[in-house]
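Line by line, the protein sequences are chains Z and A. Per our numbering, the first sequence runs over residues 28 to 468. Per our numbering, the second sequence runs over residues 10 to 546.
Rather than coming from a laboratory, the hints here were simulated on the basis of the structure. A portion of the hints provided could be inaccurate.
Below 16 Å or equal to it, Euclidean Cα-Cα: the simulated EDC-like pairs (lysine to aspartate or glutamate) are [to be verified]:
#1 Z:73 to A:506
#2 A:91 to A:79
#3 Z:73 to A:373
#4 Z:292 to Z:391
#5 Z:292 to Z:232
#6 Z:90 to Z:161
Sample of chain A residues lacking proximity to chain Z, with all beta carbon distances greater than 12 Å (derived) [what the hints assert, rightly or not]:
#7 125
#8 126
#9 137
#10 238
#11 355
#12 357
#13 464
Glycine included, each C-beta is placed from N, C-alpha and C at the ideal position.
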Amino acid sequence: MIMFGVVWGKGKGNVKRLMLIALASAILTLLMIATPGCWSARELDKRAIVVAVGIDKAKEPGKLEVSYQIIKPAEVGAPRPARGGEGQGRGVWVLSTTGDSLFDAAWKMSNVAGRRPFWGHLRLILFSEALAREGLGPFLDVLARNPMPRRLAWLAVARGCLARSILEGYSELEKVPAETIMGQLEEYGQNSTSLAQTLHGFLLEMENPGQSPAASAVELVSKGGPSAPNDGESGDEGSEDVERGRAGAGGTKLVPMVRGAAVFKRDRLVGWLDEEETRGLLWVTNRVRGASIVVDPLAGGRGKVTLEIVRARSRIRPEIKGGVPHVTVEISASANLAEQATASSLYTIEHLHELERELASAIENEVRMVVTRAQRDLRTDVFGFGLTFYRKHPRQWKAMAETWEDAYFPHVEVNLDVNTRLDVSGLIGPALKRRMTGTGW
Amino acid sequence: MLRVATTLLDLLRARKKPGSKGSPRGRAGEPPVHVLRDVQANAKAVAGFLGEPQDLVTRTFKLGGTKQLECGVIWIDGLADKRLISRHILKPLMSGAFEAQADATAPRGNVLEFVRDCGISLGQLRAVCDLREVVSGILSGDTAVFIQTSGQALLASTRGWKTRDVEEPRGESVIRGPREGFVEDLRTNTVLLRRRIRSPNLRIETLTIGSAGQTQVAVVYLEGIANPKVVEEVWARLRRIKIDAVLSDQYVEELIRDAPLSPFPTVANTERPDAVAAGILEGQVAVLVDGSPFALRMPVTFLQYFQSPEDYYVNFHTATLSRWLRLVALLAALTLPSLYVAVTTFNPEMLPTPLLVSIAAAREGVPFPVAIEAFLMELAFETLREAGLRMPRVIGPAVSIVGALVLGEAAISAGIVSAPTVIVVAFTAIASFSITYPDITAIARLLRFLLLALSAILGLFGLMTGFIAVHIHLLSLRSFGVPYMSPLAPSSLAARDILMRWPLWARTKRVGYITWQDMRRQPATSMPQAPVRRKRM
């Protein structure tokens with residue numbers, strides 16, 4: 028009021044008045060800007076960057092234990108080696124909170140960490156097998172509802188161990204162990220034997236009519252690969268060491284590995300796919316990016332030929348014949364001849380066609396395997412066959428929609444139309460036959 | 010007959026631009042003081058006007074064989090060229106041959122005319138009646154010649170003071186291209202322009218500004234190309250200046266520019282005659298101010314500031330690249346610190362994870378918020394820059410080493426500021442120096458702080474708000490009737506010049522938003538071609 032009095036009352040010249048108005052508005056603007064405060068501003072050193080969360084059942088019944096992999100920036104991004112010479116420390120801190128719901132538990136995190144969690148860079152969401160078997164629906168809600176977690180975060184189920192133990196797993200290469208898992212997921216296309224599923228993809232597949240979702244599967248293996256002694260105790264998944272993610276006997280470190288796929292029915296985990304079955308699934312759903320497939324064309328063990336898939340396309344064609352749903356899966360794949368262990372020359376049209384046929388039957392095998400498994404044992408339509416009917420034959424779909432997975436899907440006749448092509452056989456042409464003495468193995 | 014016609018023409022012109030022609034007068038409205046018929050009285054009066062200064066030289070002698078007529082020659086030591094005076098005024102007037110002739114031919118009372126016609130061998134010579142005019146002539150280096158019994162004085166142009174040589178312009182040096190820069194002397198500067206544009210249509214019109222300073226100001230344009238309305242407006246605005254003295258071009262700029270409160274320059278300045286010539290050919294009007302080695306150009310548009318004169322001295326591929334670089338540099342100089350602050354404190358999810366982790370690592374243990382940190386570093390840099398300007402050349406490098414290297418490195422290793430902030434501020438500084446014109450660099454600096462404050466408070470939202478406000482302001486500006494953001498808004502085909510420097514043979518027309526007259530620069534067939542191949546014999 029006083030200000031305006033000054034402005035309008037005693038304005039001597041035009042310029043003076045203008046100056047006063049400018050001053051007044053500047054002060055008012057400053058007040059306006061300064062009073063609301065920095066509502067969502069938070070310094071980076073007051074944020075805890077969560078890269079991965081693991082969700083387990085807590086010991087108390089009805090409660091959740093949520094574990095977080097938080098980046099320790101000072102150790103991960105340090106421009107020069109940290110002083111003290113303690114050697115390379117782990118770049119993350121894994122901590123857990125418990126709560127009645129996912130949100131409830133996560134809300135308590137800053138009490139433990141001393142920093143407000145930042146979910147914008149959450150890249151990996153892990154559920155324990157036990158939770159997944161009971162259904163993920165209740166937990167997915169907050170992940171979809173809350174704006175902070177990205178939908179492009181990977182969604183995986185911990186196979187045979189707690190989600191927390193995966194987060195605590197060891198990584199040889201990365202300071203942030205989650206990055207190894209992420210790398211494995213991103214590089215799935217190298218061999219296409221594991222499924223890389225995002226939260227977004229999972230939600231889509233779950234909500235799609237006529238489809239059940241699949242998630243990535245992560246397990247703990249001994250450092251260096253799956254065929255370590257620990258793996259010998261086959262079937263004994265409940266081994267205490269593995270369960271808790273501790274170092275196995277003899278001090279071997281356990282590292283997380285993405286392998287196979289977790290198959291759901293609606294939101295419940297119903298089973299695991301092994302590597303070949305997973306590739307079968309990927310063949311059907313057009314997600315094979317590359318693979319190495321070994322065929323044995325000259326039957327009789329005279330030598331294996333390894334083919335490298337370089338391009339693969341597939342398409343599901345739904346048909347309804349006489350009221351019965353049929354499905355044709357068209358797969359076309361191009362391959363390079365990558366390696367041959369036989370001394371014979373494969374450099375003839377006949378041999379090349381032979382190889383193509385072998386490749387086609389190998390692909391067919393993989394697909395058959397997984398289709399049979401899904402139809403007979405799991406009874407879940409992870410391929411989205413139903414979805415194609417929903418899209419192509421919406422009217423007939425209405426009748427099938429309710430009972431699709433139990434009444435129709437197991438009996439769908441799946442035809443395979445596999446088309447393969449051998450593109451490149453390498454510049455050396457025939458094998459190094461003069462020097463090759465072995466007969467192949 | 011011819012003379013009458015010329016005078017009439019002069020009168021007409023003078024009417025069109027009152028005050029533009031004619032001689033510099035004292036304050037308008039003061040009655041003229043007539044030149045007296047007595048030499049001594051005149052000399053005294055002149056000395057009286059000037060307060061009897063020591064550098065006023067009065068030389069009196071007797072004229073004519075009979076030595077009856079007293080003659081006085083008055084000039085200011087240092088302003089007038091002594092050699093010219095002695096060789097072309099004193100020597101002929103005092104020589105015996107002249108005296109004999111004078112006695113023989115000159116009728117009494119008309120000696121002045123005789124002296125003018127046969128005595129003084131100088132190019133510029135005029136007879137004046139008003140003593141004030143004589144004084145102002147003397148003050149600009151002329152020499153006054155009084156002759157007894159004559160009610161007029163002769164003013165001979167003998168200007169010859171010390172001037173700086175034409176040197177390479179300091180602020181706008183180029184690697185390839187002419188290395189001449191304007192100097193403080195107006196006449197030299199107009200010569201620099203005339204030598205580039207020899208067209209008879211090049212108009213150089215002068216007026217005097219400043220009741221005390223009496224500074225010569227020249228308006229230069231190309232008749233037939235410059236928009237006559239713009240020329241008229243420039244004249245009108247120049248005539249409106251009533252300041253006591255104009256000490257540099259900035260005085261004139263501030264007194265005639267559009268949007269006087271805006272930080273954006275609506276009148277451009279340059280110390281390169283070639284840049285001015287290019288502007289004149291594009292239809293701009295140049296204003297040269299005596300005593301200032303800068304020329305003003307108008308009308309100007311914002312995007313012209315990204316077109317360096319060097320663009321046209323290197324091949325168009327390279328020039329196009331530098332044009333892009335300059336645009337990016339401006340964007341960086343304006344927004345980089347604020348973007349950094351906004352993204353790291355408000356929207357860290359926008360950064361790739363490894364980058365975020367690196368920044369977070371550097372931030373660990375830094376005592377200030379990013380915004381304060383960035384602000385402090387900007388402040389430190391500005392201080393360094395300011396210090397570098399004032400510093401004697403000898404210790405300049407020492408200051409930059411201590412300031413930039415030692416201070417920066419020590420601040421980082423002590424953990425007081427984080428390395429990314431220093432990188433951002435340093436890159437911003439470099440980017441701001443890669444903008445061609447210092448005017449724009451200064452604005453970028455100013456707005457940088459504003460945007461930094463906005464983004465520290467409101468994040469990206471604040472940054473965008475500030476950015477949009479600046480744009481709205483830019484769009485509201487005009488320079489002598491030309492919208493400041495032409496040719497973007499209002500958009501025209503000439504906008505193709507912004508992102509590319511087109512080959513010279515493709516520039517067949519003038520840009521079209523500065524002037525509308527005589528648009529054709531060259532025929533459309535200017536692209537060089539190989540001769541048509543002859544048939545092999």
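Exercise for the section: Just pull the numbers of the violated hints for me, sorted ascending. Expected result: Of the numbered hints given earlier, those the structure breaks are 1, 2, 4, 11, 12, 13, listed in rising order.
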